[in-house]
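Taking the hints into account, I'd like the entire structure generated from these sequences.
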Amino acid sequence: MASKKKASARSRANDDIGEDLRRKLYLSQLECRQVEQKAYDLFLQNLIKGTSHLGLGQEAVAAGFATAMQPKDYTFCTYRGHNHTLARGASMEGVLGELMGRECGLLGGKGGSMHLTSVEHGAMGSYAIIGAHLPIAMGAAWSAQYRGTDQVSVCFFGDGTTNIGAFHEALNMSQIWKLPVVFVCENNLYMEYTPISEVTAVEHPAADRASAYGMERIIVDGNDADEVYRTAQAAFTRARAGDGPSLIEAMTYRHSGHSRADPATYRPEGELEEWKKRDPIPTYRQRMLDFGIAEKDIVAIETDVDRRVNAAVETAKASSPPGEGVLMTQMWADGGSAWRN
Amino acid sequence: MAELTYREAVAAGLAQEMRRDPNVVFLGEDVAAAGGVFKTTVGLLEEFGPDRVRDTPISEQAILGAAMGAAMTGLRPIAEIMFSDFFAVCWDLVANEMAKSRYMTDGQVTVPVVVRCANGGGVRFGAQHSQSVENWAMAVPGLKVVAPSTPADVIGLLASSVRDDDPVVFFEQKSLYAAKGEVPEGEHVVPLGQANIARQGKDVTIVALAAMVPRALKAADILAAEHGIDATVIDPRTLVPLDTKTILEETAKTGRLVTVEENPRLCGWGAEVVSIVSEEAFWDLDGPIVRITTPHIPLPSADALEDLALPSVERIVETIRTSVD
Numbered sequence: 065m066a067s068k069k070k071a072s073a074r075s076r077a078n079d080d081i082g083e084d085l086r087r088k089l090y091l092s093q094l095e096c097r098q099v100e101q102k103a104y105d106l107f108l109q110n111l112i113k114g115t116s117h118l119g120l121g122q123e124a125v126a127a128g129f130a131t132a133m134q135p136k137d138y139t140f141c142t143y144r145g146h147n148h149t150l151a152r153g154a155s156m157e158g159v160l161g162e163l164m165g166r167e168c169g170l171l172g173g174k175g176g177s178m179h180l181t182s183v184e185h186g187a188m189g190s191y192a193i194i195g196a197h198l199p200i201a202m203g204a205a206w207s208a209q210y211r212g213t214d215q216v217s218v219c220f221f222g223d224g225t226t227n228i229g230a231f232h233e234a235l236n237m238s239q240i241w242k243l244p245v246v247f248v249c250e251n252n253l254y255m256e257y258t259p260i261s262e263v264t265a266v267e268h269p270a271a272d273r274a275s276a277y278g279m280e281r282i283i284v285d286g287n288d289a290d291e292v293y294r295t296a297q298a299a300f301t302r303a304r305a306g307d308g309p310s311l312i313e314a315m316t317y318r319h320s321g322h323s324r325a326d327p328a329t330y331r332p333e334g335e336l337e338e339w340k341k342r343d344p345i346p347t348y349r350q351r352m353l354d355f356g357i358a359e360k361d362i363v364a365i366e367t368d369v370d371r372r373v374n375a376a377v378e379t380a381k382a383s384s385p386p387g388e389g390v391l392m393t394q395m396w397a398d399g400g401s402a403w404r405n
Numbered sequence: 277m278a279e280l281t282y283r284e285a286v287a288a289g290l291a292q293e294m295r296r297d298p299n300v301v302f303l304g305e306d307v308a309a310a311g312g313v314f315k316t317t318v319g320l321l322e323e324f325g326p327d328r329v330r331d332t333p334i335s336e337q338a339i340l341g342a343a344m345g346a347a348m349t350g351l352r353p354i355a356e357i358m359f360s361d362f363f364a365v366c367w368d369l370v371a372n373e374m375a376k377s378r379y380m381t382d383g384q385v386t387v388p389v390v391v392r393c394a395n396g397g398g399v400r401f402g403a404q405h406s407q408s409v410e411n412w413a414m415a416v417p418g419l420k421v422v423a424p425s426t427p428a429d430v431i432g433l434l435a436s437s438v439r440d441d442d443p444v445v446f447f448e449q450k451s452l453y454a455a456k457g458e459v460p461e462g463e464h465v466v467p468l469g470q471a472n473i474a475r476q477g478k479d480v481t482i483v484a485l486a487a488m489v490p491r492a493l494k495a496a497d498i499l500a501a502e503h504g505i506d507a508t509v510i511d512p513r514t515l516v517p518l519d520t521k522t523i524l525e526e527t528a529k530t531g532r533l534v535t536v537e538e539n540p541r542l543c544g545w546g547a548e549v550v551s552i553v554s555e556e557a558f559w560d561l562d563g564p565i566v567r568i569t570t571p572h573i574p575l576p577s578a579d580a581l582e583d584l585a586l587p588s589v590e591r592i593v594e595t596i597r598t599s600v601d
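In order, the protein sequence lines correspond to chains A and B.
Per my numbering, residue 65 is the first one in the first sequence, and the count goes up by one each step.
Per my numbering, residue 277 is the first one in the second sequence, and the count goes up by one each step.
Calculated from the structure, these hints are not laboratory results.
Just so you know, even glycine gets a beta-carbon here, dropped at the ideal spot from N, CA and C.
Mixed in with the good hints, there may be bad ones.
Heads up, incomplete: computed chain B residues facing chain A, CB under 8 angstroms, no partners named [to be verified]:
| hint | residue |
| --- | --- |
| 1 | Val301 |
| 2 | Asp327 |
| 3 | Leu340 |
| 4 | Gly341 |
| 5 | Leu351 |
| 6 | Ala455 |
| 7 | Pro517 |
| 8 | Thr520 |
Okay, here's the thing in structure tokens:
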């Protein structure tokens, strides 16, 4: 029996995802998970101040899309953007340092948790006003189209965003201009504290609006990195071919509250536990085993991520707070902030 | 020198920059095929084609977002918001996104975008199509604010705005569109942050912006001819950056300062000018500083009422005559 099971696992490892890619997808999800769990610990130690919005439980969306992207592509995300920024390749100490308000932070302490950006990795910013970044992501796609590149612009947002005007303006204009932009709604069932179903006229807040803009209705299991990856690739192929934008609704669930201040008591009893059975990371680990990847290889990935996350925490803790010298810099492109002579 | 209208100067200024740099693109409502509702962009579609001159839906957030995203990724977009009043439906993109992205990202993001709009009153359009909102932009750190008063300055300041690597809000005054003026031949560039001393006098310094500049100049002529008061008239041309040096120097020469502002009274741009002069040139003053503004009311539509509300030549003359006496 044992040998038969192993043989079947080997054959399945040659599916369209394949072993190397599956390792990458697991690694990316795990990096996001471990960094955010450290971020949570650092809140409790009061080493991270202000607010922060964790994406614990939603890692498969960020990892699936980022892994399918090319380095030249653009991502735009929301204030719940730690995962998306990390998945594009931003450093862990840069992310944690920014959350902690340290000099080593991605933004030198000027942006904070809600504005993580790493332009060198194509992570074009985290936007904290709901809706704003859909038109901006569309603009990056317009630029790519005008410059004649085959870059794709990917825009992540939550279910709550589908009820603001900018969502609709961006979908319409992207479609009439046939822009290479992929809009990704992470439907985690709650707009902040309110169930999205209570405030939305349709069952699927993004997908059920797609037809209004001449787009296909696409819903994907956002807790399955393989499915997300496949869906992303299809949308990117379409965008790079000049066939225009896509709107994808990824069904997922956040394990934590909306923000640091939210204990998420509004959720019905047992809902979190049900979703935790579909936690993307242990689920994916089991799939790797099923596909014949040796457990020792998986443990090696996990050990390496642990080591790097711990090192990043130490680096960030050792980094100084930003000094007065940077307060008045970088408002203008000349590096300064003078408004008069 | 050629004579152009302020309206023609907008198209000429846009064309000058679009010919120079293929990364300059232009978008807005009715700007391409129709040539703009104020006919300020006539001929651009024909010269530069539909990839560079694009009509948009009535979607101001999409217009400004598109411009910003394109600016962040290598283009130098110019976006038109038809009436400056419409900023109220897309101000998030201007005040929260364009203005703050560079600082928040510690310089990772550059947003070389120009947002043009038709600003101000004098054409009987009522309270939602006549506002002077340059002070909205002035109050937001990270925005440059430009408001030309002459056709030559439209071209020259538009050139500097497009070439600037920071977001610029460019306020055209709609009652000036038909005004004519001399424009230099060849490429014309006026730096941001350099006031124009439109008239040099010795008794009082008037600081006026946009449509208030020709009114201040006319008032200065009357003051000189009928009341023996010789006024300097300064047009700051840009509110951010602000040429405080010229304002302070010219105020010191006359010992008197009057601002003429089209915006409603509270927190108008003149209040900031007055504050700076009070703090830094108090001992140069021979009398109280005077602000002449639109009253703090929504702008009425009827010509008789609008004329009462906006600072008129007569009101400027009378206010200065009584305050300088």
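Here's how the hints hold up against the structure:
no., hint, verdict
1, Val301, "holds, 6 angstroms"
2, Asp327, "holds, 6 angstroms"
3, Leu340, "holds, 7 angstroms"
4, Gly341, "holds, 2 angstroms"
5, Leu351, "holds, 5 angstroms"
6, Ala455, "violated, 29 angstroms"
7, Pro517, "holds, 6 angstroms"
8, Thr520, "holds, 5 angstroms"
Checked against the numbered hints given earlier, this structure breaks only hint 6.
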